[in-house]
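Undergrad: Sequence:
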Amino acid sequence: MTTFEDRERAFEAKFARDEEMSFRITARRNRLVGTWAAGLMGLTPEETDAYAKAVVQADFEEAGDEDVVRKLLGDLVSANVEIDEGRVRSALHDASVEARRQLMGIEE
Numbered sequence: 452m453t454t455f456e457d458r459e460r461a462f463e464a465k466f467a468r469d470e471e472m473s474f475r476i477t478a479r480r481n482r483l484v485g486t487w488a489a490g491l492m493g494l495t496p497e498e499t500d501a502y503a504k505a506v507v508q509a510d511f512e513e514a515g516d517e518d519v520v521r522k523l524l525g526d527l528v529s530a531n532v533e534i535d536e537g538r539v540r541s542a543l544h545d546a547s548v549e550a551r552r553q554l555m556g557i558e559e
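The sequence shown lines up with residues 452 to 559 when you count with my numbering.
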């Protein structure tokens, strides 16, 4: 085996690990923001768990975050929560930071 082949395999393995971590961070972020939204809507613990899972599932509708933002904003407005898209996006960002911290084991 050549050095080039070793490096190529190492890069492929790193890429696979990075992609898996990115997926896990996004799923955790969606769960966290779903829990946040459920709190605003006054859902029970059981409803909160189901709603957080629904937010995770909503992310599979299309690439990017627009499907999650659309779901959260629509559900919050339907529940008569005063909110705007900027606040939802801010919560999504905060949840992303927290998800990365949790999964990477970063202490504050």
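It is worth saying that the hints were derived from the structure and are not from the lab. It should be emphasised that the depicted structure is a prediction, and the values quoted were computed from it without experimental measurement. Hints may be right or wrong, so weigh each one.
Unchecked claim - Computed Cβ-Cβ distance ranges for the label pairs, DEER-style: (1) MET472 with GLU497: 40 to 50 Å; (2) ASP457 with LEU554: 20 to 30 Å; (3) GLU512 with SER541: 32 to 42 Å; (4) ARG458 with GLU513: 12 to 22 Å; (5) ARG460 with SER529: 24 to 34 Å; (6) VAL528 with ALA478: 21 to 31 Å; (7) PHE455 with VAL528: 13 to 23 Å; (8) GLN553 with ALA501: 31 to 41 Å; (9) ALA461 with VAL548: 22 to 32 Å; (10) GLY515 with PHE462: 49 to 59 Å.
Where is the CB? At the ideal position from N, CA and C, for every residue including glycine.
Undergrad: A separate judgement is required for each hint: does it hold in the structure or not?
TA: Quick rundown of the hints versus the structure:
In this structure the supplied range 40 to 50 Å is violated for MET472 paired with GLU497, their Cβ-Cβ distance being about 30 Å. Here the CB-CB span from ASP457 to LEU554 is close to 28 Å, well matched to the stated 20 to 30 Å. At about 22 Å, the CB distance of GLU512 to SER541 disagrees with the hint of 32 to 42 Å. A hinted range of 12 to 22 Å for the beta carbons of ARG458 and GLU513 is inconsistent with their spacing of about 35 Å.
Remark: the range hint 24 to 34 Å for ARG460 to SER529 is contradicted by a beta-carbon distance near 50 Å. At about 24 Å, the CB distance of VAL528 to ALA478 agrees with the hint of 21 to 31 Å. At roughly 55 Å, the beta carbons of PHE455 and VAL528 sit outside the given window of 13 to 23 Å. Checking the proposed 31 to 41 Å range against GLN553 and ALA501 shows it is violated: the Cβ atoms sit about 21 Å from each other.
Taking 22 to 32 Å as the suggested C-beta distance range, the pair ALA461 and VAL548 conforms, at roughly 29 Å. GLY515 and PHE462 have their C-beta atoms about 26 Å apart, which leaves the hinted 49 to 59 Å range violated.
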